[in-house]
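K.L.:
Residue-level listing of the chains:
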Amino acid sequence: MSTTQPIELSGAAPPSAADESVSRRAFLSVSAAAGGGMLLSLSIPRLADASVPLGLTDQPHQGSSAEINAYVRIAADNTVTIMSKVPEIGQGIKTSLPMIIAEELDADWDNVRIEQAPVDAKVYGAQFAGGSFSTPLNWEPLRRAGAAARAMLVSAAAQTWHVPESDCSTFLGKVTSKAGKSLTYGQLAARAAKLAPPDLKTVSLKDPKDYTIIGKSIGGIDNPKVVTGQPLFGIDVSMEGMRYAVFQKCPVFGGKVVSANVDEVKALPGILNVFVINPEGPTGLPDGMAMGLQSGVAIVGSSWWQANKALDSLKVVWDEGPVASQSSADFAARAQELSTQAPHKVLRSDGDVKGAMSGAAKIVEAAYSYPFVYHCNLEPQNSTAVFKDGKLEIWSPTQNPAAGKTLVAKTVGIPDDAVTVHMTRCGGGFGRRLGSDFMAEAAMIAKLQGEPVKLLWNRNQDLQHEFYRPGGFHFFKAGLDAQGQLIAFSDHYVGYENNGRASNSADLSAGEFPAKYVKNLELATSTMQLGVPTGPMRAPGSNAHAFVFQSFLDEVAHAAGKDPLQHLIDLYAEERAAPPPAPQPGKGPPAGARGGGGGFPMGPPFKAERAQGVLKMVGEKSGWGKRQLPKGTGMGVAFYYSHLGYFAEVVQVTVAPTDGNVKVDKVWIVGDVGSTIINPSGAINQCQGAALDGISQALGQKITIDRGRVAQTFPQYPLLRMNQAAPVEVHFRSTPNSPTGFGEPALPPVIPALCNAIFAATGKRVRHLPIDTSMLKST
Amino acid sequence: MSYTINVNGTPHTVDVDGDTPLLWVLRDTLDMKGSKFGCGMGLCGACTVHINGMATRSCITPISAVGQAQVTTIEGIGQSDTGKKVQEAWLKLDVPQCGYCQAGQIMAATALLNTHHKPTDQDIDNAMTGNLCRCATYTRIRAAIKQAAGLPTTDSREV
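Protein chains in written order, with this note's numbering: chain A, 298 to 1076; chain B, 8 to 166.
Be careful, since some hints might not be right.
[Unchecked claim] Below, a list of computed lysine to aspartate or glutamate pairs in the EDC-like style, where the Cα atoms sit at most 20 Å apart:
#1 A:K960 to B:D130
#2 A:K960 to B:E165
#3 A:K744 to A:D713
#4 B:K92 to A:D713
To be clear, the hints were calculated from the coordinates, so they are not data collected in a lab.
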């Protein structure tokens, strides 16, 4: 199944072998598989700094003892079974990671089967979907796993034929000798399984020019099941004797049940049990987002429809608790107040900002803000759990099964190893399912019920209780000299904290661009105490900071009388020598890993040349500055570096003068994720989806906190639809760097590119999201 | 109460409350998991089925209103020529990301092609705007509908 989608891989640099940053220490073991095949198990010590998913800060550091593993199984019938170790959330990883193994193995893709690996840290090491980590973490180890298996099959063939290995070659699942003899992998597997595995350090890898699977567009491995409606997702899990549950929490975050009309609800048709759950003390893991079981009322029924309908009759007296005093309007007013005061914390102070501002020929000042945003996985949160004989088994659409396992064990009071987690396909992830609160709820309800239980949240519960993308407020000032050069820059970012720590995904990196590129620069923060749970959302931090920084830099370009694209290209030309922020002991990756030019724990340092490269190319592809646009139409550009990916994007927009309606005409994306696009079809799909996802956020998405609760319900939460979905043209610039991930980095720049296009079209600057179209009307 | 409904050409008798939405009868009583629960309000389209060929939100259609109508779900849509072509186009263009909405998209697209053999971009907008795709695979959904209709897959709205 290949795509007809055009794909262009361009750029001067030829593909090369991966960079040397990945550890080559590795161990390989091999054993005969049941049924006469070969089972290859690879374990490589995990990279010490790559052990924690982005957004999950403050988890205990697990050191380098855990391991990355991969499994290849070759059966006598030539079937090659490859285990996919990380959760599939729509990012296409269940297809692309096995492609890497299959390529080096020289497997016949038609004979490849892919299985979702069980959750087992001892065997598979880190298993999570977050931070666009999966490709950079697994590219090197999985190529070596595939190559090692291939080498053993070649040895087995050479021994069979009594010829040197150098006389043997592989292609499409067969070994062929110079003399023309040929054996299939299935025929060789049993013999190969008896051989000693080769040294992974020295096993030879293919020349990328010989790739036949990597770089080819291959359709998602589960697509045939998707299009015929076969069960795949967490919500589709079904088992004998299963009951259905809903769980109602207090509308105010952190509120508790005082009393409920339990007996009345229990008497309703189809209702089996009603449980008031009031956990004592903290129930989460020691992490801002790993919230555990909250107080609430569980209704268990013989059908989900009946359980959910019973919510209409449920009456609860809540103790709303302290968060009931918090509202978005108050936060906005308080942020304004804080902006006039000295910041709580200076993240970075370079040169003499005050002096440079006072000597500047021109000052630009602007205040920006963005709201809380809801992930809105289309598959609502759910899990199916069975608690029996002190053991718990749970099926969950989770991005983070290991953390879920620990949380579930803690919730029901059993050891970690008494919990078995099965990861199902996720109906959307976007970071929401890095939190495991729904797993904890299902586990506890299953324990109380003593029967298999499927917990499913209804849509409004899903919208009103989650880990929101945190809102924020930025107060910028820039100083330009007489030639329009940016000589001073400052941002006072007013965000949120929970008890002295930045709220999850609300931090700002000290390396945020233009840090290191402007001589006199200050980045500072102040925070407001928040009781609303927040967490990572697709390109956490970056999805908000790209909007404010890249929009304000566009303001600076216009103030300087410069072309915004050329202005960005020029800005990235002057890197000052400064080390990236160091990883903090016991913490996750440095915040700079999320963007803004900071370091990344497993990849090469930020290179300004790569930023300039994609900017120049997006200018060419979009016809920047060369096309005559009608009145009311404009183009905007932005660049952002996050998750090791370099993305420059141009948006063309037309704004209706009568009502300010914003119509996106087209988006152009140029991305640089290194030397190789593993699966072009999947890569383009991710880029197009990310761009439209960002536009969707900018056009309408907003969660308002009113007296500690979410003011919106689903009908008030507009998501982008077909009639608003603009064409998105995607290009990749190939550079000689190890390939990195696609789940996130295409999103952040589209929002400022859109807002900058609106300015070009109307002369009106969007400084607050979502976009208020009423201010865009012609006056 | 007992109801007999006709799903993909087969009669099924179920004993449920009359206000039970067709979606939950399909999913939990008949164990046909293809039709998806997204919002329960008829706003996202993940639950789309055909009732006498019309794209219908099964999450807000009570079982008592189904009567003798022919219900077609994603599990049965491949039995029709149009449905099969749509499924094949979805595979050929590798449309899905997470895949959760795609059953509903395929049902809406098939209903469109049954009435508009050569849909315009405007026809596609009109027919498909009720179906959310949170992964925003709209570009490929549009192209796949055209592919299934035997039209060039280029987007006529391109600037």
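K.L.:
Between K92 (chain B) and D713 (chain A), is the straight-line Cα distance small enough, at 20 Å or below?
P.N.:
Answer violated: K92 (chain B) to D713 (chain A) is near 48 Å, above 20 Å.
K.L.:
Take a quick look at whether K960 (chain A) and E165 (chain B) sit within 20 Å of each other, Cα to Cα.
P.N.:
Measuring from Cα to Cα gives roughly 13 Å; hence the hint holds.
K.L.:
Hinted pair, alpha-carbon criterion (20 Å max): K960 (chain A), D130 (chain B). Please report holds or violated.
P.N.:
holds (18 Å)
K.L.:
Is the Cα-Cα distance between K744 (chain A) and D713 (chain A) 20 Å or less?
P.N.:
Judged against 20 Å, a Cα distance of about 16 Å means the pair holds.
Going down the numbered hints, you'll see the structure goes against just number 4.
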